[in-house]
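> Top to bottom, those sequences are chains A and B.
All the letters of the first sequence, read from the start, carry residue numbers 1 to 111 under the working numbering.
All the letters of the second sequence, read from the start, carry residue numbers 1 to 247 under the working numbering.
It is worth saying that the hints were derived from the structure and are not from the lab.
Remember, predicted model here, so these are calculated numbers, not experimental data.
No false leads were slipped in.
Simulated coverage check for chain B against chain A, where a stretch passes if three residues somewhere in it have a Cβ under 8 Å from a Cβ of chain A:
| # | stretch |
| --- | --- |
| 1 | 124-133 |
| 2 | 151-162 |
Here are the simulated lysine-lysine pairs, BS3-like style, with alpha carbons at most 25 Å apart:
| # | chain 1 | residue 1 | chain 2 | residue 2 |
| --- | --- | --- | --- | --- |
| 3 | A | K82 | B | K131 |
| 4 | B | K106 | A | K19 |
| 5 | A | K82 | B | K130 |
| 6 | B | K201 | B | K144 |
| 7 | A | K8 | A | K82 |
Every residue gets a Cβ at the ideal spot worked out from N, C-alpha and C, and that includes glycine.
Below, each chain spelled out in residue letters.
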Amino acid sequence: MRHVTFVKKIKADGSPCRKCVDVEQRLQAANLMSRIGRVVIADEREPDSEGMRLAAELGVDAAPFFIVITDGAQTVYTSYVKVLNEVLSAPTSAEEEAKEILERSDDLDFL
Amino acid sequence: MVGMGIASAEMDGLAAEYATREPVAILELAFARFDKIAVSFSGAEDVVLIDMATRLRPDLAVFCLDTGRLHGETYRFLEKVRARYHLALDVLSPDTVAVERLVREKGLFSFYETGHTECCSIRKVMPLRKKLATVDAWITGQRKDQSPGTRAGVPVIQADTAFSTAERTLVKFNPLANWSSADVWGYIRANDVPYNELHEKGFTSIGCEPCTRAVLPNQHEREGRWWWEEATKKECGLHIGNLKGGR
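Construct all of the structure, not just a fragment, from the sequences and the given hints.
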């Protein structure tokens, strides 16, 4: 039994985090949103919002992230590509993988 | 003799041991440990790495990422370096299908609207990833002083977390990590090393033509790259510090 929670962010100015919107759109385009059990908001304007509390508890410092519970065991994923490959068994394109590598490695684009 | 590589267990120790060593010592270690190793050359002042490394290994493997959007000056400089050091310079092109799709769907200047990540992913990261799958280690010209925000912690030796896989650890050497821009330019002048003519036109950080501009005296070099999107670069961070400091 597996349950996936998708945590996305609302920024301090009230607008959605661009990366979170991007990931959600990619999930929708791949018809994978139906396999996301819950969507939780981390609202920077509300430190007590569920997503902000989860981030603090789990030591996650960037959005979006996923909490996957499989047979009672919890795993936190900050990688969209890993969630697709390892949890949702969905293929990812070389472009998607490269984009995530760059998003997670600030210094690479200076090459 | 076959290079023995660097085991994960000795990575931190070697990084600490070589943290204050000169770039040449770090290059000597890299070549002693790895046979399948290549230098990444950006067409900028990291040319000093090529000057140093070819003295140690004349058949040095060097590659550069030709995004298709570089300045004419940079292409001319690549040729100058190829001739000067007798390199079999490996000029990597992006995947044609991916570039054509990006341009067809979003135009030639999408980065001004939606940020540079998608374009850089296709034109730089995809070919880089493909290349790095063929080596055990690579050498970059990354320096701490290039970007206080993203490079302040660059070690001289590290496991490359971006391109390593579950099956293998790719090792990355950054011999210039502790050198300043002044150190690099001192070396260029002292050794008569060729340099990109864009440096004479006010460019300090050199990338693709649409995404690079000259900077004024005392402006940080990174102000010459992606200047239109500075305000949104860190938007994915969750400000947990604020949470902890709250109620």
